[in-house]
Amino acid sequence: MTMLRHAAAIAAKDLRSEFRTKESINSTLSFSVVILLLFSFAFDPSPDMIAEFGGGLLWMVFAFAGALIVNRSFARELPNDCIDVLVASPASGASLFLGKAVACFVLLFGIECICLPVFGIFYNITWWRSLWALLGVLALGTWALACVGTFFSALTVNLRLRELMLPMLLYPMLIPALLSVMMLTNTLLTGQALPPDFSVWLRLLVGFNIMFTTLSVYLAETILVR
Amino acid sequence: MRTKVILGLGAVALPLLLRNLYVIMFLVPDEMEQGPIYRIFYYHLPAFLVAACGYLTALVASVMYLVKKDQKYDAIAVAATETALAFAAVNLVTGMIWGRIIWGIWWAWDPRLTWALISWLVYFGYLMLRSAIDDPTERAKNSAVLSIFGSASVAVTWKAIEWWRTQHPGPVLSIRTGGVQKIDPMMENMIYVNFLALLLLGVIFMLVRLRQEEVQREIDGLRRYAHAAN
Chain A
14 MTMLRHAAAI
24 AAKDLRSEFR
34 TKESINSTLS
44 FSVVILLLFS
54 FAFDPSPDMI
64 AEFGGGLLWM
74 VFAFAGALIV
84 NRSFARELPN
94 DCIDVLVASP
104 ASGASLFLGK
114 AVACFVLLFG
124 IECICLPVFG
134 IFYNITWWRS
144 LWALLGVLAL
154 GTWALACVGT
164 FFSALTVNLR
174 LRELMLPMLL
184 YPMLIPALLS
194 VMMLTNTLLT
204 GQALPPDFSV
214 WLRLLVGFNI
224 MFTTLSVYLA
234 ETILVR
Chain B
39 MRTKVILGLG
49 AVALPLLLRN
59 LYVIMFLVPD
69 EMEQGPIYRI
79 FYYHLPAFLV
89 AACGYLTALV
99 ASVMYLVKKD
109 QKYDAIAVAA
119 TETALAFAAV
129 NLVTGMIWGR
139 IIWGIWWAWD
149 PRLTWALISW
159 LVYFGYLMLR
169 SAIDDPTERA
179 KNSAVLSIFG
189 SASVAVTWKA
199 IEWWRTQHPG
209 PVLSIRTGGV
219 QKIDPMMENM
229 IYVNFLALLL
239 LGVIFMLVRL
249 RQEEVQREID
259 GLRRYAHAAN
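Residue numbers (the numbering used here), protein chains in the order written: chain A, 14 to 239; chain B, 39 to 268.
Everything labelled a hint here was simulated from the structure, so no lab data went into it.
In this text, a Cβ means the ideal position worked out from N, Cα and C, and glycines have one as well.
It cannot be assumed that every hint is accurate.
Here are the simulated distance ranges between beta carbons [to be verified]:
(1) 68/B / 145/A: 32 to 38 angstroms
(2) 267/B / 219/A: 56 to 62 angstroms
(3) 255/B / 146/A: 29 to 35 angstroms
(4) 32/A / 40/B: 45 to 51 angstroms
(5) 204/A / 127/B: 43 to 49 angstroms
Counterexamples of contact, computed for chain A against chain B with all Cβ distances above 10 angstroms [stated by the list, open to error]:
(6) 54
(7) 57
(8) 77
(9) 94
(10) 133
(11) 181
(12) 220
(13) 225
Heads up, incomplete: computed chain B residues facing chain A, CB under 8 angstroms, no partners named [to be verified]:
(14) 101
(15) 141
(16) 165
(17) 179
(18) 180
(19) 250
Taking the hints into account, I'd like the entire structure generated from these sequences.
Written as structure tokens, this is what we have:
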């Protein structure tokens, strides 16, 4: 219970700090819209093509945006050695990690909720036909990105090439989650009938989240304590 | 002692590799549909099995490092990972050559190929992470954690892509097919014998790499000592 209270305090601190400066939100949001725009120049998006890989396009945008958000997660604690103060505080490594992951999740999910209608307008998709299921899948995929991303942000925070190392380590690791969330989003975006392997992808996504959340919480203390 | 072990293993591995090369090239018959190119399979599959053994060794050594905090396990983990990556590269390249002849293309986004490439990228990231950290304790700790994450991710990816339709040939070894003989027993035995030869070679590579790592650590220690003394 104490752990969750500490995690909530860390998440609230991170969100408050972000909403005051808006440095991650503004840059990530504008970056996502630019990427969505660039995709439309890269190919002529016919309705058939979008039905085939709309989910993939959308998640590529979210994956790029996610790397920007999670990169800042621990990096913002570097000035004035704030990270050492956080590690020395009564909050455990696990609660510190959880709090930061939740803050990243909230920010990223918010950005996704803004990008989704923009995507619908640019690519002419009525994306709200399975709205609640789509939001549920987005939440699961976003948690996978936020959880593993925040953990890797802690792992790479002191590296010289942090901005380069984080995506290089993160994306191959995220492939099972990205794979399943792209498949699920693709189906839900276009309102197609659910394919027979729908539950397999959903189980994979849920299983990925459970497995990596457990691993991250368990190993967070090891990574953070220097 | 270790030098003697390396030389002993080399004395067994080298004649075995040469003998296998001779048997594969001149004694085993051509495969009925694929012709002579199928011979690459005697290196492709055993190289994958040796790489898998290396990944597994790295995982065990990484867990042991986190439990015991002994740098020896970190050295084993990096030696095993580098050896595994070399054999995984052999597996990928031989598979691509086979694909070019049989499928007409160098690379297909086939689940097994994709899985092998993802594993390679994950463990290559492990080596990149190591090279970016100067402090030995920090490097050992972070890379041990990454190795555990990597193996979990690779296991999940492997399961995920198993659900896709694959154009890669299915399992042929009778231990994977529940005793059903899918290839000639002579061919199957040759795969096991060449696996043994490549495994011995892998162990030699690992032991040599381990010694390099230990010498490097000793040099680093002496350098720190010299700096402190000045």
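Requested in this report: Determine which of the earlier numbered hints do not hold for this structure and return their numbers in increasing order.
Outcome: Per hint list: 1, 3, 4, 11, 12, 13, 14, 15, 16, 19 violated.
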